[in-house]
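**Q** Going line by line, the protein sequences match chains A and B.
Position in the first sequence (first residue = 1) + 4 = my numbering.
Position in the second sequence (first residue = 1) + 6 = my numbering.
What the hints contain is simulated information worked out from the structure, not anything from laboratory work.
Keep in mind that a hint or two might mislead.
Claimed, not checked - In silico EDC-like cross-links for lysine to aspartate or glutamate, where the CA-CA straight-line distance does not exceed 16 Å:
(1) A:Lys639 to B:Glu249
(2) A:Lys581 to B:Glu230
(3) A:Lys290 to B:Glu145
(4) B:Lys223 to A:Glu595
(5) A:Lys750 to B:Glu30
(6) A:Lys760 to B:Asp32
(7) A:Lys750 to B:Asp179
(8) A:Lys760 to B:Glu30
(9) B:Lys223 to A:Asp634
(10) A:Lys581 to B:Glu249
(11) A:Lys425 to B:Asp189
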Amino acid sequence: MTGRNFLIIPFLLLTIGSFAQEKYTVSGYLKDKNSGETLIGATVFVKELQTGTSANAYGFYSLSLPKGTYTLQYSFIGYTPFEETLVLNANTVKTVELEPQNVQLESIVISSKKKDENVTRTQMSVIKMDTKTMSTLPVLMGESDIMKTIQLMPGVQAPVEGSSGFNVRGGSADQNLILLDEAPVYNATHLLGFFSVFNSDAIKDATLYKGDIPASNGGRLSSLLDIRMKDGNDKEFHGSGGIGIISSRLALEGPLKKGKGSFFISGRRTYVDLFLKLSSDSTINKNRLYFYDVNAKLNYQLNDNNRIFLSGYYGRDFYGYGKDFYFGWGNATLTARWNHLFTSKLFSNLTFLYSNYGYGLGTNSSTPNFEWTSGMDNLSAKYDFTNYFSPNSTIRFGVQGILHFIQPGKFSVTDQNSEYKVPDRKALEYAAYIQHELKINEKLSVNYGLRFSMFQNIGTATVYEIKNFQVADTVHYGQMDIYHTYMGLEPRFSGTYLLNSTSSIKASYSRTRQYLQLASNSVGGSPLDVWFPASSYVKPQISDQVGIGYFRNFKNNTYECSVEGFYKNMRNQIDFKDNANLILNNQMETELRFGNAKSYGLEVLLRKNTGKFNGWISYTLSKALRDFPDINNGKEYVASYDHPNNLTIVASYNFSQRVVLSANWVYYSGTPVTYPTMRYTYGTTSLPIYGDKNGNRLPAYHRLDLSLTVRSKKKANRHWSGEWNFAVYNAYNRANAYSVYFEQDKNNPDIMHAYKMVMFRMIPSITYNFKF
Amino acid sequence: MNQIRKIHMVAIAAVALWGCGKVEFDPGIANQNKNLVVVEGQVTDQPGMQFVKLSRTASYMDGTSPAQINDALVTVSVDNHTVAFTNTAPGYYTPPVDFIGEVGKTYNLSVLVDGKTYEATSTMHQPLALDSVSTKDFEYDTDYFEIRASFTDNPQKGEYFMFKYSRNGVMNDSIASWSYYDDLIANNVHFIDTRIFANIYGHVGDTIVVYTYSTNKLYNTFIESAQKSLQEPIPFMSQPGGEAVTNVSNGAVGFFLATAVRTKETLLEH
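Between the sequences and the hints, there should be enough to build the whole structure, so can you do that?
**A** This is how it looks when you write it as structure tokens:
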């Protein structure tokens, strides 16, 4: 069967089906009864037909059914199910508000997914994170962090200890597409990577796609982290916040107009710098080091068919030393969305996006002073449609256009008319996609789609023709000249075969293309991020990934188990030559080296969702290899983030509704490292000669974290509730190495000493969280 | 570059907050010495500063001293003229005293050891003269001083320079203490009282002579990568590693540099 026929047949089936019987649609939104927040992924089940659907990212659902009388069951884990009889003899709008459960000890849940979703969901390799889970896990410095929680899941690894960056299935950090309300976030970390830019107070939903990325998204090879901000309470005013050892945060939300619209705003700021000022030591009290960020969102329902959203993020990190030196960096995003229902079956979302990442640094202490800036801007428009043909068939399609503007670096010297500027880079990226979710029968469902993407470099530009890694010629292009175009198809497929109601097997294939990449040879990311586009010299990265998995739930979804295997082949990969100069280099392409990469692995997840004692065990066995003809003498080498064995145990015990004890234990194989094998003397210094790239490993990493959460007693008519969180990071004080350092002996220059560099020993923290 | 160092300070400050440290351990590096030839040579435009040092590599962790090479045939050619360097001390070769380099000329080094020839080529670029040098207390330790200089970068773009210093007549030849500079992003700039050494040990009244050496891009990279291998690693920055940077052929390591040298003297004072 050809690919084209394969696509057409389901459409024909749909058409035939639609004429067979008179149908009406019941549609609406599923919301939280207390806050009015829409419930992403909540389900509607038609008892008589044994079929149903789930709410989309805006809480909207639509079911087209034959005329008749039905019992509709609305449910979402953590909420009291709601059931009602519906006489369907016309198109009906039915918005349902579910009541949060008055949590009983025995039914405490750690997931907001619907029951057995992991088994029945067509997609595989998806991690849905829950903010409730995050809030009780022990974390570094007491800062609840979505990205550090994700690192505890199979297939996801931290590049170095403490980092909020992550690597997915052998992909580099810049191969993760991180979206905040659909706007890309280019550097998702604060404070040199220790904390993510995502304030957990502002997060409503976070989903990580490790392989089976929906066709609606693209532009990165390895993963999609889709984070949705809270809409805000549209019924009454509320606030929440926390006071921790390094930062405090506050969130406020309330109705713009009751039941129609709401606002949400949250902010946080670190205050280590305030304590630094108290020091009498001038080396300390002159330092300024802090970050802050603000999330804000407005939404308003114009009428039954139209709803608008405006959301944004602004965050900045700042380091300064007295008046001598300053260095600031940060992200900004803005998302404007319009939900429109063309019909009760056809849902659309028009989105305009802006995102920015930039940094600037300079001096005021020397003559001349300098200022160095860099930034990238991204303007995008996308229009997404979802057509709910029937409970068994949903088609999603849409288009997107993105304008990328990158200013890699500008260096100016004050008062001396000296300015150095790396030429701007501009590009256009377009995409169109279609995706069909089809339940073929009770056992088999498929989700297949196709994404077409195109990337064009546009002027004004200075382009270097490079041969043998040297500039051979220079070509200048005028304003808006299109001087290079790449395009390609990205098929996506996943299928699920239900073995029975509690087990399934799944398979997936996806091709992804990436046209922008990060110029960084840092292990865990740095503020000096510069992205660069595909060009006539830099080919787009292409990945093909296949996966297969077995999913099994036990004891009425109390236990979930999954085993997934994957193989990923990545072409046109980029690495950098030894001692590459990636900063303020207007011929940076000469520093690039090209090759291929592959990764493969097995991921096991065993999870207990309910009960006093809950948690999960995650194990990943994997390999990430890179093959570059011009690096490591052409010999294959392991990626710097390759950790073949990765085991995580997360456990929580609820002593009562008020007291929760949690623990994480993390183990992974030592990080690859390049050791010196010989030394030689130059001047009076012993210098190393290194062996094979990443040919050795640091000692294995492991640590135990503990956390105790004590909540205040619930009292009627008390509007304030609080909880104390006491945590210990690295409870048994292991000296884990983040790197290795060699030092010449002070008395005998021929003797070298090796040291493990240790970042975090045991770190206690205390945080007070509150709601009102 | 100073700005890169300041970014490193950001990382250091952040890391200092968490109290990172180091623990000695045995990395289990086996003896893997290949006895490579090591060349350290320079031709300058100043009398008495020409030399070639030859030695061999040693295993990284075995504690042995690198062997000196005393039986090599060492020559430097320029403008169809070849000068022989003779072995005047263990592993140390010098030319006749009247051999002095000239700016703009290209020098070709040839070293014959055990029947194998190692070659390197280097062109002597324009010198950088300092207008003045001054000293200042190092902010964080009273036994240390900053060295500051005023100078105007030459109008030519694409220049690379290195700074060394001697204290009371003793040259500091530890690579970790050398400074380097290029004019790729700020050419022909007039620097006033700019710090060129951050913290050198000394006492008030010590004589400091600052040497400026004209270098080249590859030598700059050599010093940069060498210094990186000597620094404590900083989280989230790239880690050391990679092939040794050299301009010597045939599998040898080290560097041969033709360099124009200028000096400026000052006394350490508060």
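**Q** Please go over all the hints and tell whether each is borne out by the structure.
**A** For each hint, the structure was consulted:
1. Taking the CA atoms of Lys639 (chain A) and Glu249 (chain B), the gap is about 13 Å. The hint holds against a cut of 16 Å.
2. Between Lys581 (chain A) and Glu230 (chain B), the direct Cα distance comes to roughly 14 Å. Compliance with the 16 Å bound is thereby established for this hinted pair.
3. As the CA atoms of Lys290 (chain A) and Glu145 (chain B) are separated by approximately 12 Å, the hinted pair is consistent with the 16 Å bound.
4. Taking the CA atoms of Lys223 (chain B) and Glu595 (chain A), the gap is near 14 Å; set against the 16 Å cutoff, the hint holds.
5. Taking the CA atoms of Lys750 (chain A) and Glu30 (chain B), the gap is about 15 Å. The hint holds against a cut of 16 Å.
6. Using a Cα cut-off of 16 Å, the hinted pair Lys760 (chain A) and Asp32 (chain B) holds, with the two alpha carbons roughly 9 Å apart.
7. With a CA separation close to 15 Å, the supplied pair Lys750 (chain A) and Asp179 (chain B) stays within the 16 Å bound.
8. Restraint check for Lys760 (chain A) and Glu30 (chain B): satisfied, since their Cα atoms lie roughly 6 Å apart, inside the 16 Å limit.
9. For the hint linking Lys223 (chain B) to Asp634 (chain A), the alpha-carbon distance of about 21 Å lies beyond 16 Å, and the restraint is violated.
10. Of the supplied pair hints, the one linking Lys581 (chain A) and Glu249 (chain B) holds, its CA atoms being roughly 10 Å apart against a limit of 16 Å.
11. Restraint check for Lys425 (chain A) and Asp189 (chain B): the C-alpha separation of about 13 Å stays at or below 16 Å, so the hint holds.
Violated hint: 9 only; the structure is consistent with all others.
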